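K.L.:
Next come the chains, spelled out residue by residue.
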Amino acid sequence: MPRVKVARKSTAIDMTAMCDVAFLLLTFFILTAKPKVEDPSKAEVPSSSKEKLVPEENLATISVGQKGKIFYSLTGNDNRIGALTAMGEKYHITFTPEEQKIFSVTEIFGVPMNQLKAFLAMNGDEKAKFVQPGIPADTTGNSELSNWILTSRQADKALHDKDLDVAIKGDKREEYPTISTVIQILEKQKKFKFSLITDLKTAPKK
Amino acid sequence: MAELDTSGGGKHKGGKVRSKKASTRVDLTAMVDLAFLLITFFMLTTTLAKKKEMDLAMPDNSVKTTQLPVAATRSMTILLGSHNKLEWYMGEPGKSAPTVDGYGKDGLRKALIENNKNVMATHAAPDNTMIVLIKPSDKSTYENLVTALDEMNITNIQTYAIVKITPMEIADLQKNNIY
Numbered sequence: 001m002p003r004v005k006v007a008r009k010s011t012a013i014d015m016t017a018m019c020d021v022a023f024l025l026l027t028f029f030i031l032t033a034k035p036k037v038e039d040p041s042k043a044e045v046p047s048s049s050k051e052k053l054v055p056e057e058n059l060a061t062i063s064v065g066q067k068g069k070i071f072y073s074l075t076g077n078d079n080r081i082g083a084l085t086a087m088g089e090k091y092h093i094t095f096t097p098e099e100q101k102i103f104s105v106t107e108i109f110g111v112p113m114n115q116l117k118a119f120l121a122m123n124g125d126e127k128a129k130f131v132q133p134g135i136p137a138d139t140t141g142n143s144e145l146s147n148w149i150l151t152s153r154q155a156d157k158a159l160h161d162k163d164l165d166v167a168i169k170g171d172k173r174e175e176y177p178t179i180s181t182v183i184q185i186l187e188k189q190k191k192f193k194f195s196l197i198t199d200l201k202t203a204p205k206k
Numbered sequence: 207m208a209e210l211d212t213s214g215g216g217k218h219k220g221g222k223v224r225s226k227k228a229s230t231r232v233d234l235t236a237m238v239d240l241a242f243l244l245i246t247f248f249m250l251t252t253t254l255a256k257k258k259e260m261d262l263a264m265p266d267n268s269v270k271t272t273q274l275p276v277a278a279t280r281s282m283t284i285l286l287g288s289h290n291k292l293e294w295y296m297g298e299p300g301k302s303a304p305t306v307d308g309y310g311k312d313g314l315r316k317a318l319i320e321n322n323k324n325v326m327a328t329h330a331a332p333d334n335t336m337i338v339l340i341k342p343s344d345k346s347t348y349e350n351l352v353t354a355l356d357e358m359n360i361t362n363i364q365t366y367a368i369v370k371i372t373p374m375e376i377a378d379l380q381k382n383n384i385y
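For the protein sequence lines, the chains are A and B, in the order given. Residue numbering for the first sequence follows my numbering, starting at 1 and increasing by one per position. Residue numbering for the second sequence follows my numbering, starting at 207 and increasing by one per position.
Here chain B stands alone, though its shape is the one from the complex (with noise of 0.2 Å):
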């Protein structure tokens, strides 16, 4: 088997008998059955996927600052529901009446890429991004919270924030049953 070979010498001649040289053959079978399981140990053991993280940064609300109000028909309102379900709408709450989407490539990664095409159309430069407020309703799960800021990201959208939701977009999401 696996060994190593060092043993020397036969007899000699009309010498002292001496004695014989044990082999120094070592077996490493086991040796090697042995670094094979503590391997597959430590293959299980480690953790191998590393954790990703998404950096969130809230608005800083102890400062007062005063800022230059913003066209509301450059924002666009996202209302997280319940069921996976979210609505939508631009502008002003209440003017327009909000659509029931979905999350992922068909549904809101859709609208919001339409949606910014027409306020780039129609607004002048530089202040043309669109600007998202994302209202996560107590019946949202996080994960609509994650996929919804994942896809602000997928679709380039630099401004948007996490908003408190309103008693009355409560009720609209209830009149779509999405709450």
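So that you can see chain A by itself, here it is in the shape it has in the complex (with noise of 0.2 Å):
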């Protein structure tokens, strides 16, 4: 009987489809990437059934966290640079282009407007370091965060012609005088409306 010869294959793998899908993957990747971006206030948000999905644009948010620190991010760079204007005006601090470009993809800050320019002159690396001291802000209706958000709506409404809007983001361990404060605030500015920044929880059984 003749031996029955398995015949040999090749163990090489045509690779072109499996490379075709993960291109296709990294291009998905690509194009659907938002960085993260660190937040200083690093908080922990409290969940919610609720499922409506914060806006990426037209947003202003004041994170709250670090025993009371208060954070503010703004969305889009034409406001930041307007808002930023509008501040200096206020405290009489000007900022010169090279400040307002750095301020500009400045996603999220904590300093009060004295410690503003020293902060933009640090490097990447510093201000990751540095430990922010968080915005200054009472209910008198003329604290920093108080103007910071009212410079922040006027260059919204003068540039894009838009309310904007607020939203809170709050460590979920901080009490409640401070969120108690930044609703005052927002209260006085005839901004009554607003949000809460929630994570989603899964809806529970009725």
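It cannot be assumed that every hint is accurate.
Said to hold, decoys possible - With a straight-line Cα cutoff of 25 Å, these simulated DMTMM-like cross-link-like pairs (lysine to aspartate or glutamate) come out: (1) A:K172 x B:D344; (2) A:K9 x B:D233; (3) A:K190 x B:D266; (4) B:K345 x A:D199; (5) A:K172 x B:D307; (6) B:K345 x A:D138; (7) A:K42 x B:D344; (8) A:K191 x B:D266; (9) B:K257 x A:D199; (10) B:K316 x A:D199; (11) B:K257 x A:D14; (12) B:K311 x A:E51; (13) A:K190 x B:E293; (14) A:K172 x B:D261; (15) B:K257 x A:E51; (16) A:K67 x B:D344; (17) B:K345 x A:E51; (18) A:K42 x B:D261; (19) A:K188 x B:D266; (20) B:K257 x A:D39; (21) B:K311 x A:E44; (22) A:K190 x B:D344; (23) A:K193 x B:D261; (24) A:K157 x B:D261; (25) B:K257 x A:E107; (26) A:K157 x B:D266; (27) A:K52 x B:D344; (28) B:K370 x A:D138; (29) B:K227 x A:D14; (30) B:K316 x A:E51; (31) A:K172 x B:E293; (32) A:K34 x B:D239; (33) A:K129 x A:E38; (34) A:K162 x B:D261; (35) A:K191 x B:D333; (36) A:K191 x B:D261; (37) B:K345 x A:E44; (38) B:K311 x A:E187; (39) B:K257 x A:D163; (40) A:K193 x B:D344.
No lab work stands behind these hints: they were computed from the structure. All values reported here derive from a predicted model rather than from experimental measurement.
Put the complex together from the two separate chains, hints included.
P.N.:
Below, the structure written as structure tokens:
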């Protein structure tokens, strides 16, 4: 009987299809990627059963975390420059075009006006290490946080003719008084509708 | 391996000696490696879970409107205390003893559903909805507030408001050791 010879198959695999798929996925992820922004407030948001998504533009976010520190973030590079210029006029600080440019790409910050220039001059590494003291806020209606919100709203109105949405992003363990201060600031500016940022928790069974 | 095979032609008989055509097969392994590396990178740096938001409307306090008084029996007051505890009472303060409760399914939610049923049964339509006043004390956390607001949504209570707590109510929370 002749021995049955098993034809040796080549171990080479055709990778063309795999390559196609890999690049398709790569393209998808590159196009949908929105890089994570390092949030200095480290706020761990509480969960709720609401499913409404946070808008991606035309939004000012007030983050409260790390024992009552307040951080501020504004969308839109032109809004940021507008707000910064107006704030500079209010507090008599002139920002160079260079500083404006840096500020326009600053996603979130939590420094008082008198430290802002120094903060903008830092490089990425220093910024990451720097412990931001938070934006001063009180209920008088003339605090720095209040002015930031006001100038941002004015800038948004002037540039896009829209009313800026305001969201509060608070840490779970944050005590109520700080949140109350923020709410009162918004009320003083007649901004009665705003949103609280939450995480989705699975809807409870009724 | 993974290649494109387009190499052509052997030796022509008796023809000129042609330079051997180099194979156009390309090894794709490195490219695939790179592609997957980049996929991994983009997958990890992208934000997949988008944050949700809860809309909150505070009453406009700049305009003074005259409103008809509502029956106190329709209102339920929730005082948010410390240690994730709350207490609630129906009607006017001091008239009925407050109940100390927790958040969650068997605490606040149960109370809300039961009280709402009672109010619905004892009042005539259309003014028979329960009005909830949420009074966060300084010792309560932001999570407590969000949970309380979320319970309003879950139990389908339409009229609720965040109100400033009074010293009397703080004293009451202290009495119950949750301040």
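K.L.:
Each hint should be assessed against the structure and marked as holding or not.
P.N.:
Hints, one by one, checked against the model:
no.: 1; hint: A:K172 x B:D344; verdict: holds (14 Å)
no.: 2; hint: A:K9 x B:D233; verdict: holds (19 Å)
no.: 3; hint: A:K190 x B:D266; verdict: holds (7 Å)
no.: 4; hint: B:K345 x A:D199; verdict: holds (23 Å)
no.: 5; hint: A:K172 x B:D307; verdict: holds (20 Å)
no.: 6; hint: B:K345 x A:D138; verdict: holds (18 Å)
no.: 7; hint: A:K42 x B:D344; verdict: holds (22 Å)
no.: 8; hint: A:K191 x B:D266; verdict: holds (9 Å)
no.: 9; hint: B:K257 x A:D199; verdict: holds (6 Å)
no.: 10; hint: B:K316 x A:D199; verdict: holds (23 Å)
no.: 11; hint: B:K257 x A:D14; verdict: violated (42 Å)
no.: 12; hint: B:K311 x A:E51; verdict: holds (20 Å)
no.: 13; hint: A:K190 x B:E293; verdict: violated (31 Å)
no.: 14; hint: A:K172 x B:D261; verdict: holds (17 Å)
no.: 15; hint: B:K257 x A:E51; verdict: holds (9 Å)
no.: 16; hint: A:K67 x B:D344; verdict: holds (14 Å)
no.: 17; hint: B:K345 x A:E51; verdict: violated (28 Å)
no.: 18; hint: A:K42 x B:D261; verdict: holds (22 Å)
no.: 19; hint: A:K188 x B:D266; verdict: holds (10 Å)
no.: 20; hint: B:K257 x A:D39; verdict: holds (14 Å)
no.: 21; hint: B:K311 x A:E44; verdict: holds (22 Å)
no.: 22; hint: A:K190 x B:D344; verdict: holds (24 Å)
no.: 23; hint: A:K193 x B:D261; verdict: holds (7 Å)
no.: 24; hint: A:K157 x B:D261; verdict: holds (21 Å)
no.: 25; hint: B:K257 x A:E107; verdict: holds (16 Å)
no.: 26; hint: A:K157 x B:D266; verdict: holds (21 Å)
no.: 27; hint: A:K52 x B:D344; verdict: violated (29 Å)
no.: 28; hint: B:K370 x A:D138; verdict: holds (17 Å)
no.: 29; hint: B:K227 x A:D14; verdict: holds (22 Å)
no.: 30; hint: B:K316 x A:E51; verdict: holds (23 Å)
no.: 31; hint: A:K172 x B:E293; verdict: holds (20 Å)
no.: 32; hint: A:K34 x B:D239; verdict: holds (23 Å)
no.: 33; hint: A:K129 x A:E38; verdict: holds (12 Å)
no.: 34; hint: A:K162 x B:D261; verdict: holds (18 Å)
no.: 35; hint: A:K191 x B:D333; verdict: violated (29 Å)
no.: 36; hint: A:K191 x B:D261; verdict: holds (13 Å)
no.: 37; hint: B:K345 x A:E44; verdict: holds (18 Å)
no.: 38; hint: B:K311 x A:E187; verdict: violated (32 Å)
no.: 39; hint: B:K257 x A:D163; verdict: holds (21 Å)
no.: 40; hint: A:K193 x B:D344; verdict: holds (23 Å)
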